[in-house]
Amino acid sequence: MADYAHPEVLVSADWVAENAVNPGVRIVEVDVDTKAYEEGHIPGAAGWAWNTQLCDTVQRDIIPPRVFEELMAGSGIGNDTTVILYGDNNNWFAAWALWQLKVYGHGDVRLMNGGRKKWVAEGRDLTIDVPTFSAAPYTVSGGDSSIRAFLADVQKSVADGGHEMVDVRSPDEFSGKILSPPGLPETCQRGGHIPGASNIPWAKACNDDGTFKSRDELDALYSAAGITGTKPVIAYCRIGERSSHSWFVLNYLMGLNNVTNYDGSWTEWGNLVGAPIERGASA
Amino acid sequence: MKMKPEDYDETTIELAGWPVRLISYKLGEKYICKADNVSPGANIARGEGATKEEAEAKARELAQSRLSQTRTQAL
Numbered sequence: 001m002a003d004y005a006h007p008e009v010l011v012s013a014d015w016v017a018e019n020a021v022n023p024g025v026r027i028v029e030v031d032v033d034t035k036a037y038e039e040g041h042i043p044g045a046a047g048w049a050w051n052t053q054l055c056d057t058v059q060r061d062i063i064p065p066r067v068f069e070e071l072m073a074g075s076g077i078g079n080d081t082t083v084i085l086y087g088d089n090n091n092w093f094a095a096w097a098l099w100q101l102k103v104y105g106h107g108d109v110r111l112m113n114g115g116r117k118k119w120v121a122e123g124r125d126l127t128i129d130v131p132t133f134s135a136a137p138y139t140v141s142g143g144d145s146s147i148r149a150f151l152a153d154v155q156k157s158v159a160d161g162g163h164e165m166v167d168v169r170s171p172d173e174f175s176g177k178i179l180s181p182p183g184l185p186e187t188c189q190r191g192g193h194i195p196g197a198s199n200i201p202w203a204k205a206c207n208d209d210g211t212f213k214s215r216d217e218l219d220a221l222y223s224a225a226g227i228t229g230t231k232p233v234i235a236y237c238r239i240g241e242r243s244s245h246s247w248f249v250l251n252y253l254m255g256l257n258n259v260t261n262y263d264g265s266w267t268e269w270g271n272l273v274g275a276p277i278e279r280g281a282s283a
Numbered sequence: 284m285k286m287k288p289e290d291y292d293e294t295t296i297e298l299a300g301w302p303v304r305l306i307s308y309k310l311g312e313k314y315i316c317k318a319d320n321v322s323p324g325a326n327i328a329r330g331e332g333a334t335k336e337e338a339e340a341k342a343r344e345l346a347q348s349r350l351s352q353t354r355t356q357a358l
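Each protein sequence line maps, in turn, to chains A and Y. 106 is the number that the numbering used here gives to position 106 of the first sequence; each next residue is one higher, with no gaps. Quick note: to get the numbering used here, add 283 to the position in the second sequence (first position is 1).
Derived from the structure by calculation, the hints contain no laboratory data. One thing to keep in mind: the hints can contain errors.
[Unchecked claim] Straight line, CA to CA, 20 Å or less: simulated SDA-like cross-link-like pairs of lysine to any residue:
(1) Y/K341 / A/K204
(2) A/K177 / A/E39
(3) Y/K341 / A/K156
(4) A/K177 / Y/S322
(5) Y/K285 / A/T228
(6) Y/K285 / A/V21
(7) A/K177 / A/A283
(8) Y/K335 / Y/G300
(9) Y/K285 / A/K204
(10) A/K118 / A/E18
(11) A/K118 / Y/R304
(12) Y/K287 / A/A121
(13) A/K204 / A/L218
(14) A/K118 / Y/K285
(15) A/K156 / A/K204
(16) Y/K313 / A/E39
(17) Y/K335 / Y/E293
(18) Y/K309 / A/I128
(19) Y/K335 / A/K204
(20) A/K156 / A/P43
(21) Y/K287 / A/D125
(22) Y/K285 / A/G47
(23) Y/K309 / A/K177
(24) Y/K287 / A/P43
(25) Y/K341 / Y/L358
(26) Y/K285 / A/E39
(27) Y/K287 / A/D209
(28) Y/K335 / A/G123
(29) Y/K287 / A/S134
(30) A/K177 / Y/K313
Only a predicted model underlies this, so the values are computations on that prediction, with no experimental measurement involved.
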């Protein structure tokens, strides 16, 4: 992990096994499959459900600051706690949680490289025992909105070409052949992509065991598609979670400056009246 | 109570015309199987059973049902 721009944002499964009971560390599982935590999780780990605890369930948005504070406090996480996130599917939703923690300015949050997949494949300990935590005081102060792109930012970028835009969905979603990942509900009325976007599916950043590819491999992957960081980069997908993973890669592993996650993503853009779109495969 | 996952297995099949990855393992007294759609890798079904075959059959059945509802658009 030494070649990454910020190797400190990743920990290994061995590190987690050795530090899971460290009082200054909190392990948290966030999965695509929201039943995975109750099936068995790393001993001592908290579990967050992405669809109820990390989303505003009324207004489409990430959770508001006060709810975020309650989630952190209730998980025994203080402002100085080192938070280690892991999850299934190559840390897909764990990366989304990490991005939210950074939006709210949490200092030390990292991913367990390889996520749940590697932990399970290696036959490491799991438990169904749900830990209890003493509430910790937690206060959101400031935060970092510079890592989030909103609709107006994307509209401006489409108009003036001021960004490198990367669509991290599958090639079939990018082309417009399908409106959602196979087997999942459709969330937009049109297929296609934002004009000018390059297509680099998020999971290409990972090895078969769920760990991240090397720095050289990541640099080659993105530069081949024209994502070099010479302009600010906007990443998007369908609802902003896959692109959180790519944001993590671009920002922390490759060290590009000024990378944002457009969490409105295709579900927002693809449903906008009058918004320009393109169809077809990546150039 | 701690448990160790055993018999981890990963295979790719095709259902309803789409590639599907099946990941199965034994945890405690039961087998668990998860099906994802390979690209992008979203979890689409899971199954549990006393045997690997039973867990996989449940996951396959649900995955088949969900994938068969995926519409494709002419480009």
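Legend entry - Hint numbers contradicted by this structure: 1, 2, 3, 5, 8, 9, 15, 19, 20, 23, 25, 29 and 30
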